[in-house]
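Single-letter residue listing:
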Amino acid sequence: MVAAGLMELASADAYLLELGFDGERSGRSADLRPELPLVLQW
Amino acid sequence: MGAELDHVFVLTEVGAPGATRLCDLGLTEGSSNAHPGQGTACRRFFFGNAMLELLWVEHEQAVRAGGVRRTGLWQRWIGRCGAGCPFGICTRPTDATGQPPFTTWDYRPPYLPASRSIAMARSSARAIEPLLFHLPFGRRPDRVPTTRREPLAHPLGCRQMTRLRLCSPHAHAPPARCARWWLPV
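Those sequence lines, one after another, are chains A and B. Under the numbering used here, the final residue of the first sequence carries the number 42; numbering is consecutive throughout. Under the numbering used here, the final residue of the second sequence carries the number 227; numbering is consecutive throughout.
I should point out that these hints are in silico values taken from the structure, not numbers from a laboratory. Some hints here could point you the wrong way.
[As the list claims (entries may be wrong)] Computed from the model, here is a short list of chain A residues facing chain B with C-beta under 8 Å:
1) L16
2) L19
3) E24
4) L32
5) L38
Beta carbons: idealized from backbone N, C-alpha and C, even for Gly.
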């Protein structure tokens, strides 16, 4: 296993999960709210 | 050694219609699953090192009964748009001696063989926190035998989950040790 990152915890007004993929090298993201409390970054 | 991320779940409305957004974005959906006796079902997206699960309650009576009740799944699901934390975070051992990074109780869901159990965080009933649990038998999706392997290729190009950030109105009281989990690559 190579450590690539840590789970982070942040304060916010509402629950949200941010998932990063592949070191987020492309700089692109998708906010899936309101359907899902989820932001993907890749 | 310790533990690494196995999968995360997001509690959704029945049927997880939000999965369509993920498919439209360019993620390949894997097999769906149900948890008989626990009262939940899910749609899943697999990556090389971890899995994203969209989970919902199908049978209220089951999820509110017996040992399932202590998981806090019902409170999280029914409160997912308000006070309940709609997330679960599951770890697995990094090797044969890996232990969960939190104190646990032994959860024996009805859908698992009697020889297997899930190490459920003692904080499971605290619905304002993510549900933390540990699968002693968990394995990377890309190490599952090819005959049973889920689709790992995504048109979007995503291969490995490399960062996890949980935003919470209760972040001032983080779950024990949750900030020290390594993501497997």
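message: Restraint: A/L19 near chain B, CB-CB cut 8 Å. Satisfied or not?
response: holds, 6 Å
field: Residue hint A/L16, partner chain B, criterion CB-CB below 8 Å
entry: Holds, about 4 Å.
field: Hint check, A/E24 versus chain B [nearest Cβ-Cβ separation less than 8 Å]
entry: Since the shortest Cβ distance to chain B is 7 Å, the answer is holds.
- request: With chain B as the partner, please determine if A/L38 meets the hint condition of a C-beta pair closer than 8 Å.
  value: For A/L38, the interface hint holds, since the closest Cβ of chain B sits about 6 Å away, which is under 8 Å.
query: Hint check: is the beta carbon of A/L32 less than 8 Å from a beta carbon of chain B?
result: holds, 5 Å
In summary, the structure agrees with every hint in the numbered list given earlier.
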